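Line order of the protein sequences matches chains A, B, C and D.
Be aware that the first sequence starts at 85, since it is given in the numbering used here, and climbs by one per residue.
Be aware that the second sequence starts at 85, since it is given in the numbering used here, and climbs by one per residue.
Be aware that the third sequence starts at 85, since it is given in the numbering used here, and climbs by one per residue.
Be aware that the fourth sequence starts at 85, since it is given in the numbering used here, and climbs by one per residue.
Don't take each hint at face value.
Copies of one chain are not kept apart here, so a pair can be met inside one copy or by any two copies together.
[Claimed, not checked] Heads up, simulated SDA-like pairs for lysine to any residue below, C-alpha to C-alpha not over 20 Å straight-line: (1) Lys303 x Asn181; (2) Lys260 x Ile133; (3) Lys129 x Phe152; (4) Lys280 x Leu123; (5) Lys280 x Met173.
It is worth saying that the hints were derived from the structure and are not from the lab.
Please read these numbers as outputs of a predicted model, since none were measured by experiment.
In case you want the letters, here they are:
Protein chains: 4
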Amino acid sequence: MEIEENPTESSAKPKPFALHGNERLFAFSDGVFAITITLLVLEIKIPEIPKELVATKLLSELSHLFPFIISHLVSFLVLGIFWVAHHNMFAHVKRHNHILLWLNILFLMCVASIPFPTGLLGTYPDQQISVIIYSGVLGITGLVLSLMWWYVATYRLVDDETDPEFVRFVYRHVLKAPIFYFSAILASFLSLPLAKLILACVTIFYIIPNTSVHKHYKKLDQRFNQ
Amino acid sequence: MEIEENPTESSAKPKPFALHGNERLFAFSDGVFAITITLLVLEIKIPEIPKELVATKLLSELSHLFPFIISHLVSFLVLGIFWVAHHNMFAHVKRHNHILLWLNILFLMCVASIPFPTGLLGTYPDQQISVIIYSGVLGITGLVLSLMWWYVATYRLVDDETDPEFVRFVYRHVLKAPIFYFSAILASFLSLPLAKLILACVTIFYIIPNTSVHKHYKKLDQRFNQ
Amino acid sequence: MEIEENPTESSAKPKPFALHGNERLFAFSDGVFAITITLLVLEIKIPEIPKELVATKLLSELSHLFPFIISHLVSFLVLGIFWVAHHNMFAHVKRHNHILLWLNILFLMCVASIPFPTGLLGTYPDQQISVIIYSGVLGITGLVLSLMWWYVATYRLVDDETDPEFVRFVYRHVLKAPIFYFSAILASFLSLPLAKLILACVTIFYIIPNTSVHKHYKKLDQRFNQ
Amino acid sequence: MEIEENPTESSAKPKPFALHGNERLFAFSDGVFAITITLLVLEIKIPEIPKELVATKLLSELSHLFPFIISHLVSFLVLGIFWVAHHNMFAHVKRHNHILLWLNILFLMCVASIPFPTGLLGTYPDQQISVIIYSGVLGITGLVLSLMWWYVATYRLVDDETDPEFVRFVYRHVLKAPIFYFSAILASFLSLPLAKLILACVTIFYIIPNTSVHKHYKKLDQRFNQ
Numbered sequence: 085m086e087i088e089e090n091p092t093e094s095s096a097k098p099k100p101f102a103l104h105g106n107e108r109l110f111a112f113s114d115g116v117f118a119i120t121i122t123l124l125v126l127e128i129k130i131p132e133i134p135k136e137l138v139a140t141k142l143l144s145e146l147s148h149l150f151p152f153i154i155s156h157l158v159s160f161l162v163l164g165i166f167w168v169a170h171h172n173m174f175a176h177v178k179r180h181n182h183i184l185l186w187l188n189i190l191f192l193m194c195v196a197s198i199p200f201p202t203g204l205l206g207t208y209p210d211q212q213i214s215v216i217i218y219s220g221v222l223g224i225t226g227l228v229l230s231l232m233w234w235y236v237a238t239y240r241l242v243d244d245e246t247d248p249e250f251v252r253f254v255y256r257h258v259l260k261a262p263i264f265y266f267s268a269i270l271a272s273f274l275s276l277p278l279a280k281l282i283l284a285c286v287t288i289f290y291i292i293p294n295t296s297v298h299k300h301y302k303k304l305d306q307r308f309n310q
Numbered sequence: 085m086e087i088e089e090n091p092t093e094s095s096a097k098p099k100p101f102a103l104h105g106n107e108r109l110f111a112f113s114d115g116v117f118a119i120t121i122t123l124l125v126l127e128i129k130i131p132e133i134p135k136e137l138v139a140t141k142l143l144s145e146l147s148h149l150f151p152f153i154i155s156h157l158v159s160f161l162v163l164g165i166f167w168v169a170h171h172n173m174f175a176h177v178k179r180h181n182h183i184l185l186w187l188n189i190l191f192l193m194c195v196a197s198i199p200f201p202t203g204l205l206g207t208y209p210d211q212q213i214s215v216i217i218y219s220g221v222l223g224i225t226g227l228v229l230s231l232m233w234w235y236v237a238t239y240r241l242v243d244d245e246t247d248p249e250f251v252r253f254v255y256r257h258v259l260k261a262p263i264f265y266f267s268a269i270l271a272s273f274l275s276l277p278l279a280k281l282i283l284a285c286v287t288i289f290y291i292i293p294n295t296s297v298h299k300h301y302k303k304l305d306q307r308f309n310q
Numbered sequence: 085m086e087i088e089e090n091p092t093e094s095s096a097k098p099k100p101f102a103l104h105g106n107e108r109l110f111a112f113s114d115g116v117f118a119i120t121i122t123l124l125v126l127e128i129k130i131p132e133i134p135k136e137l138v139a140t141k142l143l144s145e146l147s148h149l150f151p152f153i154i155s156h157l158v159s160f161l162v163l164g165i166f167w168v169a170h171h172n173m174f175a176h177v178k179r180h181n182h183i184l185l186w187l188n189i190l191f192l193m194c195v196a197s198i199p200f201p202t203g204l205l206g207t208y209p210d211q212q213i214s215v216i217i218y219s220g221v222l223g224i225t226g227l228v229l230s231l232m233w234w235y236v237a238t239y240r241l242v243d244d245e246t247d248p249e250f251v252r253f254v255y256r257h258v259l260k261a262p263i264f265y266f267s268a269i270l271a272s273f274l275s276l277p278l279a280k281l282i283l284a285c286v287t288i289f290y291i292i293p294n295t296s297v298h299k300h301y302k303k304l305d306q307r308f309n310q
Numbered sequence: 085m086e087i088e089e090n091p092t093e094s095s096a097k098p099k100p101f102a103l104h105g106n107e108r109l110f111a112f113s114d115g116v117f118a119i120t121i122t123l124l125v126l127e128i129k130i131p132e133i134p135k136e137l138v139a140t141k142l143l144s145e146l147s148h149l150f151p152f153i154i155s156h157l158v159s160f161l162v163l164g165i166f167w168v169a170h171h172n173m174f175a176h177v178k179r180h181n182h183i184l185l186w187l188n189i190l191f192l193m194c195v196a197s198i199p200f201p202t203g204l205l206g207t208y209p210d211q212q213i214s215v216i217i218y219s220g221v222l223g224i225t226g227l228v229l230s231l232m233w234w235y236v237a238t239y240r241l242v243d244d245e246t247d248p249e250f251v252r253f254v255y256r257h258v259l260k261a262p263i264f265y266f267s268a269i270l271a272s273f274l275s276l277p278l279a280k281l282i283l284a285c286v287t288i289f290y291i292i293p294n295t296s297v298h299k300h301y302k303k304l305d306q307r308f309n310q
């Protein structure tokens, strides 16, 4: 596109013609998110029932699927949270470099891993190891996201206008997730239901913003409204 | 891209450099649609036949696949309808905020769920529960789409030039789908073939626009023709 | 993007702010192509061999996979041809409307169907029915592509500068594929190897452009070089 | 987009309206990469354990998965390397033509093939044939990438400002991969662990840039920082 947009200006200013900005980073990331989130739902398989039993068994087989469906829909929301976070964070990132590319790939590796612990928790919900692996993977994903923001803020890849207060807010906001998740691991040694309650709370916390967060989301929305 | 496009202007005007508009929302949504719609077709599996029976059995095995193929192609069209609706709707949405992002994720969750009831209806076409779940998921998808339009229109995220009459038309047009689908659920208690007839009619209704709809599509096309 | 690009111009000219052009059509199409073409290759499964036999059996099991791998790589090239054709064709399409959206969805339905006949031909290469279904699906895909070009050219959705001679060339060029494929179906009644030879020839014909085609590709390349 | 961006200029200058530049090539490539890299991770399946044995067996079954997980995460990084290489290379490619499109499709065919040898190596890590096929596919992928750069540099599709020294550096840098991979094949005849050590070294070499490479990455980053 850049090739064609201002062809007459090309001689005037030594503008790097072929350069793409962050779009490919976005396209690649959005692709990984879209595939992971979609395949998560596609994991829910239709029960196979012998022909003569279909009429009597189908309903009960479907109701057996219910906990599996719930765990996958919750993970859909968790992936949604990470996508929204990535989306909001990169609205402030004006450029990238080799290291940011690789931090992003590391983050996407975590994202693409989420279906595994999700399936584990959906299949073996009563095992502590399922809760530990699930919380661990999500916690590490959150840590890598925080690391990315730290890198971006420290090496001035953010938009110069970004408010330093906002930078600190994002830190605090993003770091809450791994803290929650790692405390869910600790809680799992005391009580599995308590650990699961923490997992549910993190999800709700990030989807329904509380008052302190609200102010910053407002500001972010205003950016998109300019 | 915005980074590079007008680098000289950066000091003149405090333009948010790193900001992406609706593109990531589009990229993510188009990704989920593309994966769901493609995997729907890929669900059609090649029959496995022992080597010595291939010559005699292959044709009949393939003809057994026929109803399964039909139900998947119909769902391909249904997903096509929802994509076209999303495409047309967002041609009028000039910005987004936290809540619209999440309504969209909710909508995509419904979209990604469609292969499950499709497979169910394709595998157990004679069970009322299949028809109910199929119509239910599609009905809810339509409801969430209507909710999105309501939110976008109410909170002025639409393009200011959008004709109020057009806004009302989209409401009425989009809301017809859930009404149809929920009446298919009611019909399924009377007669399964009737319920399926309703399902077929909704699909045709949205693909082949009738006269009242035509006028609005014309206008939409003109937007794209400017 | 359009939101941000020229924010100062917004009051001056009643420009439809939220409008996206053909990008979503491209994003959706490229997504379907990317998924179909990738999953085609991912269909090639690792042979499962009992532990004690791995050393002796692995090589021979892998060599059994060879015809299956070949048929999938050929289909990869065929999907490549259709993507290149879509890419080149839409370089001349300046706008779209409801009907073009649906013709494109129909085309993508054909594209997403290609792995099925490919797997069929790879699994049962000696059955006439495999050759017929494979040629039939590819032939219909080519027909729908021709239909799209006819629609686009007839209803003036092409770029006004497009040379009428070029329009006619694309017709002839694109229509050759279904003619070839349907003649492969006829040939399959005489001889399967002959039919397969025709299939191989179409693929080579479209990848390695001959002299008459070359001139037009040159012109197309020049467009991209401006 | 180009349709709408400068509608008033259309009469003044015979600009090809409908033309897209490299974006579709990028969208298609990023899609193939995103799907391949995501599905690689999704290959890691949850162990199926009978209900009564879950408590005692789950942990040991998960630990058995460990080598499989490692080989898939390494391939994730390898695909990341190729994506970063494609991303950096095409930052200098200002246009494309028929042949570049096809070289890119050939490259994507190699990329999409990587999960197969990865699974092979993960499933049968002690077989020489696994190491040979794995190194072979990655080596060919690197060769095709080098071929693409050679083509692009020779036929002047690169940005005119691209430093000839940089062009030569990319050659040398990209060609190192196939040389490493093919020497891993040779090494596999002497010692499998040695071959695997080479495979590990290539990966680290490309992710953590050494001093000589660093200078060029710096320059590339500066391009993105302009």
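Now the hints, each set against the structure:
| no. | hint | verdict |
| --- | --- | --- |
| 1 | Lys303 x Asn181 | between (27 Å within a copy, 10 Å between copies) |
| 2 | Lys260 x Ile133 | neither (45 Å within a copy, 35 Å between copies) |
| 3 | Lys129 x Phe152 | both (10 Å within a copy, 15 Å between copies) |
| 4 | Lys280 x Leu123 | neither (23 Å within a copy, 28 Å between copies) |
| 5 | Lys280 x Met173 | neither (28 Å within a copy, 38 Å between copies) |
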